[in-house]
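Go ahead and model the full structure; you've got the sequences and the hints to work with.
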Amino acid sequence: MDKSQKEEALCDAAKNGDTDRVKQLLEEGVNPSAACGILQMTPLHKAAGNGHHETVSALLAAGADVNAQDDTKSSPLHLAAWKGHHETVSALLTAGAGANVNRKDIWQETPLHPAAENGHHETVSALLAADADVNAQGRLQKTPLHLAAEKGHHETVSALLTAGADVNAQQGRLQKTPLHLAAWYGHHETVSALLAAGADVNVQDSERRTPLHLAAVKDHHDTVSALLTAGADVNVQDKWQRTPLYLAAEKGHHETVSALLAAGGDVNVQDKWQETPLHLAAENHETVSASLAAGADVNVQDKWQRTPLYPATENGHHETVSALLTAGADVNVQDRRGRSLLDLAADRGDHETVSAFLAAGADVDVQSEWQSIPLYLAAIRGHHETISALLAAGADVTVQDRQQRTALHLAAQKGHHETVSALLAAGADVNVQDKWQRPPLYLAAENGHHETVSALLAAGAGVNIHGRLQITPLHLAVYEGHHETVSVLLAAGADVNVQDSQGYTPLHYATDRHHSKCVEVLLQHKADKDKKTTPLHLAAEKGHPETVSALLTAGAAGADCADCIREACEGLCRAY
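Taking UniProt numbering, I'd label the letters of the sequence shown as residues 1 to 576.
Hint data in this document are derived by calculation from the structure and do not stem from the laboratory. Among the hints, a few may not be true.
Using C-beta positions, here's what the derived DEER-type ranges look like [to be verified]:
id	residue 1	residue 2	range
1	Gln404	Gly460	16 to 24 Å
2	Gln40	Val269	52 to 60 Å
3	Arg336	Val269	36 to 44 Å
4	Asn235	Ala359	35 to 43 Å
5	Gln502	Ala425	33 to 41 Å
6	Gln404	Leu174	56 to 64 Å
7	Arg21	Leu174	43 to 51 Å
Using 20 Å as the maximum straight-line C-alpha spacing, the simulated EDC-like pairs for lysine to aspartate or glutamate come out as follows [as the list claims (entries may be wrong)]:
id	residue 1	residue 2
8	Lys15	Glu122
9	Lys3	Asp65
10	Lys526	Asp512
11	Lys303	Glu286
12	Lys435	Asp500
13	Lys83	Asp71
14	Lys251	Asp238
15	Lys414	Asp347
16	Lys218	Glu122
17	Lys303	Asp238
18	Lys151	Asp222
19	Lys83	Glu27
20	Lys435	Glu451
21	Lys272	Glu207
22	Lys239	Asp205
23	Lys83	Glu122
24	Lys218	Asp205
25	Lys3	Glu27
26	Lys517	Glu546
27	Lys15	Asp70
28	Lys303	Glu255
29	Lys23	Glu8
30	Lys251	Glu207
31	Lys6	Asp18
32	Lys151	Asp166
33	Lys83	Glu54
34	Lys272	Asp238
35	Lys15	Glu54
36	Lys414	Asp434
37	Lys435	Glu446
38	Lys6	Asp20
39	Lys218	Glu314
40	Lys272	Asp222
Because the structure is a prediction, the values reported are computed rather than measured. Using N, Cα and C, we set each Cβ at its ideal position, and we do this for glycine too.
Pasting the structure below:
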(Lines of atoms letter the chains of each structure in order from A; the text may use other names.)
(Lines give C-alpha, C1' and ligand atoms only; values in the text may rest on other atoms or scores of the structure.)
Protein backbone atom coordinates (compact mmCIF):
# COMPACT_ATOMS: atom_id res chain seq x y z
CA MET A 1 0.00 0.00 0.00
CA ASP A 2 1.14 3.52 -0.66
CA LYS A 3 1.18 6.27 1.96
CA SER A 4 -2.39 7.53 1.39
CA GLN A 5 -3.76 3.99 1.43
CA LYS A 6 -2.05 3.29 4.74
CA GLU A 7 -3.48 6.50 6.21
CA GLU A 8 -6.98 5.49 5.11
CA ALA A 9 -6.39 2.06 6.61
CA LEU A 10 -5.36 3.67 9.91
CA CYS A 11 -8.54 5.76 9.97
CA ASP A 12 -10.68 2.70 9.29
CA ALA A 13 -8.95 0.67 11.97
CA ALA A 14 -9.35 3.50 14.49
CA LYS A 15 -13.04 3.86 13.63
CA ASN A 16 -13.60 0.14 14.20
CA GLY A 17 -11.53 0.00 17.38
CA ASP A 18 -9.05 -2.47 15.87
CA THR A 19 -6.23 -1.58 18.25
CA ASP A 20 -3.84 -4.28 17.02
CA ARG A 21 -4.13 -3.08 13.42
CA VAL A 22 -3.72 0.53 14.58
CA LYS A 23 -0.50 -0.36 16.43
CA GLN A 24 0.79 -2.28 13.41
CA LEU A 25 0.27 0.68 11.08
CA LEU A 26 1.79 3.08 13.58
CA GLU A 27 4.88 0.85 13.81
CA GLU A 28 5.09 1.04 10.01
CA GLY A 29 5.44 4.80 10.37
CA VAL A 30 1.95 5.94 9.40
CA ASN A 31 1.24 9.50 10.63
CA PRO A 32 -1.08 9.19 13.69
CA SER A 33 -2.57 12.61 12.88
CA ALA A 34 -3.18 12.06 9.17
CA ALA A 35 -6.54 13.51 8.06
CA CYS A 36 -8.84 11.46 5.89
CA GLY A 37 -12.38 11.32 4.56
CA ILE A 38 -14.78 14.06 3.50
CA LEU A 39 -14.54 15.91 6.83
CA GLN A 40 -10.78 15.42 7.15
CA MET A 41 -10.99 13.65 10.49
CA THR A 42 -7.89 12.17 12.08
CA PRO A 43 -7.71 8.59 13.41
CA LEU A 44 -8.11 10.08 16.90
CA HIS A 45 -11.41 11.71 15.87
CA LYS A 46 -12.65 8.33 14.63
CA ALA A 47 -11.63 6.42 17.73
CA ALA A 48 -12.81 9.09 20.19
CA GLY A 49 -16.19 9.52 18.53
CA ASN A 50 -16.82 5.80 18.81
CA GLY A 51 -15.53 5.43 22.36
CA HIS A 52 -12.69 3.05 21.56
CA HIS A 53 -10.69 3.79 24.69
CA GLU A 54 -7.76 1.43 24.05
CA THR A 55 -7.38 2.67 20.49
CA VAL A 56 -7.43 6.27 21.72
CA SER A 57 -4.65 5.43 24.20
CA ALA A 58 -2.55 3.83 21.46
CA LEU A 59 -2.92 6.87 19.20
CA LEU A 60 -2.11 9.30 22.00
CA ALA A 61 0.95 7.26 22.92
CA ALA A 62 2.09 7.54 19.31
CA GLY A 63 1.84 11.33 19.44
CA ALA A 64 -1.55 11.92 17.82
CA ASP A 65 -2.59 15.59 17.94
CA VAL A 66 -5.16 15.70 20.75
CA ASN A 67 -6.42 19.11 19.61
CA ALA A 68 -6.67 18.42 15.87
CA GLN A 69 -9.74 19.91 14.18
CA ASP A 70 -11.69 18.49 11.27
CA ASP A 71 -13.45 20.57 8.62
CA THR A 72 -16.24 21.43 11.09
CA LYS A 73 -13.60 22.60 13.59
CA SER A 74 -14.60 19.77 15.88
CA SER A 75 -11.87 18.22 18.00
CA PRO A 76 -11.76 14.60 19.21
CA LEU A 77 -13.02 15.98 22.53
CA HIS A 78 -16.14 17.38 20.82
CA LEU A 79 -16.97 13.98 19.36
CA ALA A 80 -16.31 12.01 22.54
CA ALA A 81 -18.38 14.49 24.57
CA TRP A 82 -21.23 14.36 22.05
CA LYS A 83 -21.45 10.57 22.40
CA GLY A 84 -20.91 10.58 26.17
CA HIS A 85 -17.76 8.48 26.20
CA HIS A 86 -16.58 9.80 29.56
CA GLU A 87 -13.51 7.51 29.83
CA THR A 88 -12.33 8.75 26.46
CA VAL A 89 -13.11 12.34 27.47
CA SER A 90 -10.98 11.93 30.60
CA ALA A 91 -8.11 10.45 28.59
CA LEU A 92 -8.21 13.31 26.10
CA LEU A 93 -8.30 15.92 28.85
CA THR A 94 -5.35 14.28 30.57
CA ALA A 95 -3.46 14.24 27.28
CA GLY A 96 -3.77 17.99 26.82
CA ALA A 97 -7.25 18.60 25.42
CA GLY A 98 -8.08 20.46 28.60
CA ALA A 99 -6.10 23.43 27.39
CA ASN A 100 -8.67 23.84 24.62
CA VAL A 101 -11.73 22.67 26.51
CA ASN A 102 -13.59 25.83 25.47
CA ARG A 103 -12.62 25.76 21.80
CA LYS A 104 -15.73 26.15 19.58
CA ASP A 105 -16.69 24.34 16.41
CA ILE A 106 -18.35 25.96 13.38
CA TRP A 107 -21.66 25.94 15.26
CA GLN A 108 -20.00 27.96 18.03
CA GLU A 109 -20.36 25.09 20.47
CA THR A 110 -17.82 23.87 22.99
CA PRO A 111 -17.62 20.17 23.96
CA LEU A 112 -19.81 20.99 26.96
CA HIS A 113 -22.75 21.92 24.70
CA PRO A 114 -23.34 18.51 23.09
CA ALA A 115 -22.61 16.72 26.37
CA ALA A 116 -25.26 18.81 28.14
CA GLU A 117 -27.77 18.55 25.29
CA ASN A 118 -27.57 14.77 25.36
CA GLY A 119 -27.65 14.46 29.14
CA HIS A 120 -24.24 12.83 29.51
CA HIS A 121 -23.95 13.58 33.21
CA GLU A 122 -20.52 12.06 33.87
CA THR A 123 -19.06 13.69 30.78
CA VAL A 124 -20.46 17.06 31.83
CA SER A 125 -18.87 16.64 35.26
CA ALA A 126 -15.50 15.80 33.70
CA LEU A 127 -15.60 18.84 31.42
CA LEU A 128 -16.64 21.15 34.24
CA ALA A 129 -13.78 19.80 36.35
CA ALA A 130 -11.48 20.79 33.49
CA ASP A 131 -12.74 24.39 33.69
CA ALA A 132 -15.23 24.26 30.83
CA ASP A 133 -17.08 27.58 30.53
CA VAL A 134 -20.51 26.78 31.97
CA ASN A 135 -22.06 29.90 30.41
CA ALA A 136 -20.54 29.73 26.93
CA GLN A 137 -23.06 30.64 24.23
CA GLY A 138 -23.36 28.39 21.21
CA ARG A 139 -25.77 28.02 18.32
CA LEU A 140 -28.76 30.42 18.66
CA GLN A 141 -26.92 31.86 21.68
CA LYS A 142 -27.90 28.88 23.83
CA THR A 143 -25.82 28.01 26.86
CA PRO A 144 -25.29 24.40 27.98
CA LEU A 145 -28.04 25.02 30.55
CA HIS A 146 -30.49 25.98 27.78
CA LEU A 147 -29.75 22.72 25.97
CA ALA A 148 -30.03 20.51 29.05
CA ALA A 149 -33.24 22.23 30.18
CA GLU A 150 -34.75 21.96 26.70
CA LYS A 151 -34.22 18.18 26.72
CA GLY A 152 -35.30 17.72 30.34
CA HIS A 153 -31.99 16.36 31.64
CA HIS A 154 -32.58 17.47 35.22
CA GLU A 155 -29.43 15.80 36.64
CA THR A 156 -27.32 17.62 34.09
CA VAL A 157 -29.23 20.82 34.84
CA SER A 158 -28.41 20.43 38.54
CA ALA A 159 -24.73 19.85 37.78
CA LEU A 160 -24.56 22.95 35.58
CA LEU A 161 -26.33 25.08 38.18
CA THR A 162 -23.95 23.85 40.88
CA ALA A 163 -21.07 24.86 38.63
CA GLY A 164 -22.39 28.41 38.39
CA ALA A 165 -24.60 28.37 35.29
CA ASP A 166 -26.65 31.55 34.88
CA VAL A 167 -30.19 30.34 35.55
CA ASN A 168 -31.66 33.41 33.83
CA ALA A 169 -29.39 33.51 30.78
CA GLN A 170 -31.34 34.68 27.73
CA GLN A 171 -30.80 33.69 24.12
CA GLY A 172 -29.73 36.63 22.00
CA ARG A 173 -32.57 37.54 19.65
CA LEU A 174 -35.21 35.18 21.06
CA GLN A 175 -34.51 36.15 24.68
CA LYS A 176 -35.64 32.76 25.98
CA THR A 177 -34.28 31.49 29.28
CA PRO A 178 -33.74 27.84 30.26
CA LEU A 179 -37.05 28.06 32.15
CA HIS A 180 -38.88 29.04 28.94
CA LEU A 181 -37.54 25.95 27.18
CA ALA A 182 -38.24 23.56 30.04
CA ALA A 183 -41.78 24.94 30.38
CA TRP A 184 -42.44 24.68 26.62
CA TYR A 185 -41.54 20.99 26.65
CA GLY A 186 -43.22 20.26 29.98
CA HIS A 187 -40.13 18.99 31.79
CA HIS A 188 -41.61 19.24 35.27
CA GLU A 189 -38.56 18.14 37.29
CA THR A 190 -36.32 20.46 35.31
CA VAL A 191 -38.73 23.34 35.87
CA SER A 192 -38.66 22.62 39.60
CA ALA A 193 -34.85 22.55 39.65
CA LEU A 194 -34.62 25.86 37.79
CA LEU A 195 -37.17 27.53 40.06
CA ALA A 196 -35.33 26.25 43.13
CA ALA A 197 -32.16 27.83 41.74
CA GLY A 198 -33.84 31.22 41.48
CA ALA A 199 -35.13 31.28 37.91
CA ASP A 200 -37.25 34.37 37.21
CA VAL A 201 -40.75 32.96 36.81
CA ASN A 202 -42.04 36.10 35.07
CA VAL A 203 -39.19 36.69 32.63
CA GLN A 204 -40.40 37.57 29.11
CA ASP A 205 -38.90 36.55 25.78
CA SER A 206 -38.78 38.59 22.57
CA GLU A 207 -42.54 38.08 22.11
CA ARG A 208 -43.08 39.11 25.74
CA ARG A 209 -44.18 35.60 26.59
CA THR A 210 -43.38 34.13 29.97
CA PRO A 211 -42.76 30.47 30.79
CA LEU A 212 -46.42 30.34 31.87
CA HIS A 213 -47.55 31.34 28.36
CA LEU A 214 -45.52 28.50 26.88
CA ALA A 215 -46.63 25.86 29.36
CA ALA A 216 -50.26 26.92 28.90
CA VAL A 217 -50.24 26.76 25.10
CA LYS A 218 -48.70 23.26 25.26
CA ASP A 219 -51.16 22.07 27.95
CA HIS A 220 -48.51 21.06 30.47
CA HIS A 221 -50.85 21.56 33.42
CA ASP A 222 -48.38 20.16 36.01
CA THR A 223 -45.85 22.73 34.85
CA VAL A 224 -48.53 25.42 34.85
CA SER A 225 -49.34 24.60 38.47
CA ALA A 226 -45.67 24.70 39.47
CA LEU A 227 -45.18 28.08 37.80
CA LEU A 228 -48.31 29.52 39.43
CA THR A 229 -47.18 28.24 42.82
CA ALA A 230 -43.84 29.95 42.23
CA GLY A 231 -45.58 33.28 41.69
CA ALA A 232 -46.17 33.44 37.95
CA ASP A 233 -48.37 36.37 36.90
CA VAL A 234 -51.52 34.70 35.59
CA ASN A 235 -52.65 37.78 33.66
CA VAL A 236 -49.36 38.81 32.05
CA GLN A 237 -49.82 39.82 28.40
CA ASP A 238 -47.57 39.07 25.44
CA LYS A 239 -46.86 41.40 22.50
CA TRP A 240 -50.36 40.69 21.16
CA GLN A 241 -51.82 41.41 24.60
CA ARG A 242 -52.76 37.78 25.06
CA THR A 243 -52.58 36.13 28.46
CA PRO A 244 -51.77 32.47 29.18
CA LEU A 245 -55.53 31.93 29.49
CA TYR A 246 -55.99 33.05 25.85
CA LEU A 247 -53.52 30.52 24.57
CA ALA A 248 -54.94 27.65 26.58
CA ALA A 249 -58.53 28.56 25.64
CA GLU A 250 -57.67 28.77 21.94
CA LYS A 251 -56.27 25.24 22.02
CA GLY A 252 -59.13 23.88 24.13
CA HIS A 253 -56.86 22.80 26.99
CA HIS A 254 -59.62 22.38 29.55
CA GLU A 255 -57.55 21.38 32.60
CA THR A 256 -55.07 24.17 32.02
CA VAL A 257 -57.89 26.68 31.54
CA SER A 258 -59.43 25.55 34.83
CA ALA A 259 -56.11 25.95 36.65
CA LEU A 260 -55.59 29.43 35.24
CA LEU A 261 -59.13 30.50 36.11
CA ALA A 262 -58.71 29.14 39.63
CA ALA A 263 -55.55 31.23 39.94
CA GLY A 264 -57.41 34.40 39.02
CA GLY A 265 -57.13 34.46 35.25
CA ASP A 266 -59.16 37.37 33.85
CA VAL A 267 -61.77 35.79 31.60
CA ASN A 268 -62.79 39.11 30.04
CA VAL A 269 -59.41 40.64 29.25
CA GLN A 270 -59.17 41.71 25.60
CA ASP A 271 -56.20 41.31 23.30
CA LYS A 272 -54.86 43.51 20.51
CA TRP A 273 -57.91 42.64 18.40
CA GLN A 274 -60.29 43.06 21.35
CA GLU A 275 -60.95 39.34 21.45
CA THR A 276 -61.47 37.58 24.76
CA PRO A 277 -60.60 33.98 25.67
CA LEU A 278 -64.25 33.13 24.99
CA HIS A 279 -63.86 34.16 21.33
CA LEU A 280 -60.98 31.73 21.00
CA ALA A 281 -62.53 28.85 22.93
CA ALA A 282 -65.28 28.20 20.39
CA GLU A 283 -63.96 24.80 19.35
CA ASN A 284 -64.18 23.34 22.86
CA HIS A 285 -67.50 23.51 24.64
CA GLU A 286 -65.99 22.37 27.97
CA THR A 287 -63.67 25.36 27.90
CA VAL A 288 -66.58 27.58 26.89
CA SER A 289 -68.64 26.28 29.81
CA ALA A 290 -65.78 26.89 32.25
CA SER A 291 -65.30 30.42 30.91
CA LEU A 292 -69.00 31.20 31.18
CA ALA A 293 -69.09 29.83 34.72
CA ALA A 294 -66.18 32.16 35.54
CA GLY A 295 -68.16 35.17 34.36
CA ALA A 296 -67.21 35.54 30.71
CA ASP A 297 -69.18 38.23 28.87
CA VAL A 298 -71.15 36.30 26.26
CA ASN A 299 -71.86 39.40 24.15
CA VAL A 300 -68.46 41.11 24.18
CA GLN A 301 -67.46 42.33 20.70
CA ASP A 302 -64.02 42.32 19.10
CA LYS A 303 -62.68 45.01 16.75
CA TRP A 304 -64.82 43.55 13.95
CA GLN A 305 -67.88 43.73 16.23
CA ARG A 306 -68.11 39.96 16.41
CA THR A 307 -69.24 38.22 19.57
CA PRO A 308 -67.99 34.76 20.66
CA LEU A 309 -71.02 33.28 18.89
CA TYR A 310 -69.47 34.24 15.53
CA PRO A 311 -66.46 31.88 15.54
CA ALA A 312 -68.62 29.12 17.00
CA THR A 313 -71.09 29.56 14.12
CA GLU A 314 -68.44 29.88 11.43
CA ASN A 315 -66.91 26.58 12.47
CA GLY A 316 -70.15 24.67 13.03
CA HIS A 317 -69.63 23.94 16.72
CA HIS A 318 -73.21 23.12 17.67
CA GLU A 319 -72.59 22.39 21.36
CA THR A 320 -70.78 25.68 21.78
CA VAL A 321 -73.55 27.55 19.95
CA SER A 322 -76.11 25.96 22.26
CA ALA A 323 -74.11 26.85 25.38
CA LEU A 324 -73.69 30.46 24.29
CA LEU A 325 -77.38 30.83 23.45
CA THR A 326 -78.32 29.35 26.82
CA ALA A 327 -76.02 31.91 28.45
CA GLY A 328 -77.89 34.75 26.76
CA ALA A 329 -75.95 35.41 23.58
CA ASP A 330 -77.60 38.04 21.37
CA VAL A 331 -78.74 36.20 18.26
CA ASN A 332 -79.44 39.39 16.28
CA VAL A 333 -76.07 41.10 16.62
CA GLN A 334 -74.38 42.18 13.38
CA ASP A 335 -70.67 42.58 12.71
CA ARG A 336 -68.90 45.57 11.21
CA ARG A 337 -69.94 44.52 7.71
CA GLY A 338 -73.53 44.00 8.70
CA ARG A 339 -73.32 40.21 8.65
CA SER A 340 -75.64 38.50 11.07
CA LEU A 341 -75.17 35.15 12.75
CA LEU A 342 -78.04 33.80 10.67
CA ASP A 343 -76.13 34.91 7.55
CA LEU A 344 -73.13 32.82 8.59
CA ALA A 345 -75.15 29.71 9.35
CA ALA A 346 -77.22 30.02 6.17
CA ASP A 347 -74.12 30.50 4.04
CA ARG A 348 -72.63 27.29 5.47
CA GLY A 349 -75.88 25.38 5.01
CA ASP A 350 -75.86 24.56 8.72
CA HIS A 351 -79.58 24.03 9.07
CA GLU A 352 -79.21 22.81 12.66
CA THR A 353 -77.69 26.12 13.73
CA VAL A 354 -80.14 28.04 11.53
CA SER A 355 -83.01 26.33 13.35
CA ALA A 356 -81.43 27.09 16.73
CA PHE A 357 -81.07 30.77 15.86
CA LEU A 358 -84.62 31.02 14.56
CA ALA A 359 -85.90 29.34 17.71
CA ALA A 360 -83.92 31.90 19.73
CA GLY A 361 -85.61 34.78 17.93
CA ALA A 362 -83.30 35.57 15.05
CA ASP A 363 -84.68 38.03 12.48
CA VAL A 364 -85.20 35.84 9.43
CA ASP A 365 -85.02 38.82 7.04
CA VAL A 366 -82.11 40.69 8.62
CA GLN A 367 -80.22 42.61 5.92
CA SER A 368 -76.48 43.10 5.59
CA GLU A 369 -74.81 46.23 4.26
CA TRP A 370 -75.39 44.82 0.76
CA GLN A 371 -79.10 44.48 1.59
CA SER A 372 -78.88 40.72 1.25
CA ILE A 373 -80.74 38.43 3.63
CA PRO A 374 -79.92 34.92 4.91
CA LEU A 375 -82.25 33.45 2.29
CA TYR A 376 -79.97 34.84 -0.46
CA LEU A 377 -76.91 33.10 0.94
CA ALA A 378 -78.64 29.76 1.25
CA ALA A 379 -80.12 30.15 -2.25
CA ILE A 380 -76.83 30.87 -3.99
CA ARG A 381 -75.28 27.82 -2.30
CA GLY A 382 -78.27 25.58 -2.97
CA HIS A 383 -78.67 24.59 0.69
CA HIS A 384 -82.12 23.09 0.31
CA GLU A 385 -82.76 22.12 3.95
CA THR A 386 -81.67 25.56 5.12
CA ILE A 387 -83.95 27.18 2.54
CA SER A 388 -86.85 25.12 3.86
CA ALA A 389 -86.13 26.19 7.45
CA LEU A 390 -85.93 29.87 6.49
CA LEU A 391 -89.10 29.73 4.43
CA ALA A 392 -90.92 27.94 7.24
CA ALA A 393 -89.88 30.81 9.51
CA GLY A 394 -91.45 33.32 7.12
CA ALA A 395 -88.50 34.49 5.05
CA ASP A 396 -89.61 37.08 2.48
CA VAL A 397 -89.01 35.69 -1.02
CA THR A 398 -89.60 39.11 -2.62
CA VAL A 399 -86.78 41.02 -0.91
CA GLN A 400 -84.28 42.55 -3.36
CA ASP A 401 -80.64 43.42 -2.72
CA ARG A 402 -78.71 46.47 -3.92
CA GLN A 403 -78.69 45.03 -7.42
CA GLN A 404 -82.42 44.37 -7.15
CA ARG A 405 -81.85 40.61 -7.23
CA THR A 406 -84.09 38.22 -5.34
CA ALA A 407 -83.18 34.83 -3.90
CA LEU A 408 -84.76 33.34 -7.02
CA HIS A 409 -82.27 35.18 -9.24
CA LEU A 410 -79.35 33.70 -7.29
CA ALA A 411 -80.68 30.15 -7.21
CA ALA A 412 -81.51 30.30 -10.93
CA GLN A 413 -78.06 31.63 -11.80
CA LYS A 414 -76.43 28.66 -10.05
CA GLY A 415 -78.89 26.09 -11.37
CA HIS A 416 -80.17 24.90 -8.00
CA HIS A 417 -83.49 23.69 -9.39
CA GLU A 418 -84.73 22.20 -6.08
CA THR A 419 -84.18 25.56 -4.42
CA VAL A 420 -85.84 27.31 -7.36
CA SER A 421 -88.89 25.07 -6.97
CA ALA A 422 -89.06 25.75 -3.23
CA LEU A 423 -88.86 29.51 -3.76
CA LEU A 424 -91.51 29.42 -6.46
CA ALA A 425 -93.78 27.35 -4.21
CA ALA A 426 -93.30 30.03 -1.53
CA GLY A 427 -94.56 32.72 -3.88
CA ALA A 428 -91.43 34.08 -5.53
CA ASP A 429 -92.15 36.34 -8.53
CA VAL A 430 -90.90 34.37 -11.53
CA ASN A 431 -90.60 37.45 -13.76
CA VAL A 432 -89.09 39.96 -11.32
CA GLN A 433 -86.23 41.92 -12.90
CA ASP A 434 -82.95 43.08 -11.39
CA LYS A 435 -81.31 46.47 -12.05
CA TRP A 436 -80.15 45.23 -15.46
CA GLN A 437 -83.71 44.20 -16.38
CA ARG A 438 -82.88 40.51 -16.08
CA PRO A 439 -85.50 38.07 -14.79
CA PRO A 440 -84.37 34.76 -13.21
CA LEU A 441 -84.93 33.01 -16.57
CA TYR A 442 -82.18 35.14 -18.11
CA LEU A 443 -79.60 33.89 -15.62
CA ALA A 444 -80.63 30.26 -15.87
CA ALA A 445 -80.60 30.37 -19.69
CA GLU A 446 -77.28 32.19 -19.87
CA ASN A 447 -75.65 29.53 -17.69
CA GLY A 448 -77.25 26.58 -19.44
CA HIS A 449 -79.25 25.24 -16.50
CA HIS A 450 -81.95 23.61 -18.60
CA GLU A 451 -83.72 21.90 -15.65
CA THR A 452 -83.98 25.24 -13.89
CA VAL A 453 -85.16 26.85 -17.14
CA SER A 454 -87.92 24.22 -17.38
CA ALA A 455 -88.99 24.88 -13.79
CA LEU A 456 -89.16 28.63 -14.37
CA LEU A 457 -91.10 28.22 -17.61
CA ALA A 458 -93.54 25.87 -15.90
CA ALA A 459 -94.09 28.57 -13.27
CA GLY A 460 -95.02 31.13 -15.92
CA ALA A 461 -91.72 32.77 -16.81
CA GLY A 462 -92.04 34.85 -19.97
CA VAL A 463 -90.10 32.96 -22.59
CA ASN A 464 -89.91 35.99 -24.91
CA ILE A 465 -89.31 38.63 -22.27
CA HIS A 466 -86.98 41.40 -23.44
CA GLY A 467 -84.24 42.89 -21.31
CA ARG A 468 -81.66 45.54 -22.04
CA LEU A 469 -80.80 45.87 -25.74
CA GLN A 470 -83.93 43.82 -26.47
CA ILE A 471 -82.06 40.60 -25.68
CA THR A 472 -84.17 37.54 -24.84
CA PRO A 473 -83.34 34.34 -22.91
CA LEU A 474 -82.97 32.59 -26.28
CA HIS A 475 -80.31 35.06 -27.40
CA LEU A 476 -78.35 34.38 -24.20
CA ALA A 477 -78.58 30.60 -24.36
CA VAL A 478 -77.50 30.63 -28.00
CA TYR A 479 -74.66 33.07 -27.31
CA GLU A 480 -73.19 30.70 -24.71
CA GLY A 481 -73.76 27.61 -26.87
CA HIS A 482 -76.21 25.83 -24.54
CA HIS A 483 -78.07 23.86 -27.22
CA GLU A 484 -80.13 21.82 -24.71
CA THR A 485 -81.41 25.02 -23.13
CA VAL A 486 -82.09 26.42 -26.62
CA SER A 487 -84.27 23.39 -27.34
CA VAL A 488 -86.18 23.82 -24.08
CA LEU A 489 -86.85 27.51 -24.81
CA LEU A 490 -87.97 26.85 -28.39
CA ALA A 491 -90.26 24.05 -27.23
CA ALA A 492 -91.82 26.54 -24.81
CA GLY A 493 -92.59 28.96 -27.62
CA ALA A 494 -89.54 31.16 -27.82
CA ASP A 495 -89.56 33.34 -30.95
CA VAL A 496 -86.84 31.81 -33.10
CA ASN A 497 -86.51 34.98 -35.18
CA VAL A 498 -86.65 37.55 -32.40
CA GLN A 499 -84.31 40.50 -32.96
CA ASP A 500 -82.20 42.44 -30.49
CA SER A 501 -81.81 46.23 -30.64
CA GLN A 502 -79.31 45.85 -33.51
CA GLY A 503 -81.57 43.59 -35.52
CA TYR A 504 -79.66 40.38 -34.81
CA THR A 505 -81.51 37.10 -34.34
CA PRO A 506 -80.42 34.08 -32.28
CA LEU A 507 -79.18 32.53 -35.54
CA HIS A 508 -76.83 35.48 -36.01
CA TYR A 509 -75.52 34.89 -32.47
CA ALA A 510 -75.00 31.18 -33.06
CA THR A 511 -73.24 31.86 -36.35
CA ASP A 512 -71.00 34.56 -34.94
CA ARG A 513 -70.00 32.34 -31.99
CA HIS A 514 -69.55 29.22 -34.12
CA HIS A 515 -72.05 27.15 -32.12
CA SER A 516 -72.93 24.70 -34.87
CA LYS A 517 -75.28 22.59 -32.72
CA CYS A 518 -77.29 25.68 -31.85
CA VAL A 519 -77.39 26.57 -35.56
CA GLU A 520 -78.84 23.15 -36.32
CA VAL A 521 -81.49 23.43 -33.59
CA LEU A 522 -82.50 26.92 -34.73
CA LEU A 523 -82.72 25.85 -38.38
CA GLN A 524 -84.86 22.87 -37.39
CA HIS A 525 -87.25 25.39 -35.82
CA LYS A 526 -87.45 27.40 -39.06
CA ALA A 527 -85.05 30.18 -38.17
CA ASP A 528 -84.92 32.85 -40.90
CA LYS A 529 -81.61 32.41 -42.69
CA ASP A 530 -81.76 35.72 -44.56
CA LYS A 531 -82.36 38.52 -42.03
CA LYS A 532 -80.15 41.65 -42.10
CA THR A 533 -76.52 40.76 -42.85
CA THR A 534 -77.11 37.12 -43.50
CA PRO A 535 -75.86 34.46 -41.13
CA LEU A 536 -74.02 33.01 -44.13
CA HIS A 537 -72.02 36.24 -44.46
CA LEU A 538 -71.14 36.11 -40.76
CA ALA A 539 -70.16 32.45 -40.83
CA ALA A 540 -68.01 32.99 -43.89
CA GLU A 541 -66.35 36.07 -42.44
CA LYS A 542 -65.58 34.29 -39.18
CA GLY A 543 -64.18 31.23 -40.93
CA HIS A 544 -66.64 28.67 -39.55
CA PRO A 545 -66.81 25.97 -42.25
CA GLU A 546 -69.23 23.68 -40.37
CA THR A 547 -71.70 26.53 -39.95
CA VAL A 548 -71.27 27.60 -43.59
CA SER A 549 -72.02 24.03 -44.64
CA ALA A 550 -75.16 23.83 -42.49
CA LEU A 551 -76.46 27.15 -43.82
CA LEU A 552 -75.78 26.20 -47.43
CA THR A 553 -77.52 22.86 -46.92
CA ALA A 554 -80.50 24.77 -45.56
CA GLY A 555 -80.54 26.97 -48.67
CA ALA A 556 -79.31 30.20 -47.14
CA ALA A 557 -79.55 33.26 -49.36
CA GLY A 558 -76.39 34.94 -50.64
CA ALA A 559 -74.58 31.76 -51.56
CA ASP A 560 -74.06 33.02 -55.11
CA CYS A 561 -72.87 36.52 -54.29
CA ALA A 562 -69.26 37.51 -54.94
CA ASP A 563 -68.70 39.27 -51.64
CA CYS A 564 -69.91 36.23 -49.72
CA ILE A 565 -67.54 33.96 -51.65
CA ARG A 566 -64.68 36.38 -50.97
CA GLU A 567 -65.51 36.51 -47.24
CA ALA A 568 -65.74 32.72 -47.12
CA CYS A 569 -62.31 32.36 -48.69
CA GLU A 570 -60.76 34.92 -46.35
CA GLY A 571 -62.44 33.41 -43.32
CA LEU A 572 -61.42 29.88 -44.16
CA CYS A 573 -57.84 31.01 -44.72
CA ARG A 574 -57.81 32.56 -41.27
CA ALA A 575 -59.26 29.41 -39.74
CA TYR A 576 -56.60 27.23 -41.26
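- If any of the earlier hints don't hold here, list their numbers in rising order. 3, 8, 11, 16, 19, 20, 28, 39, 40
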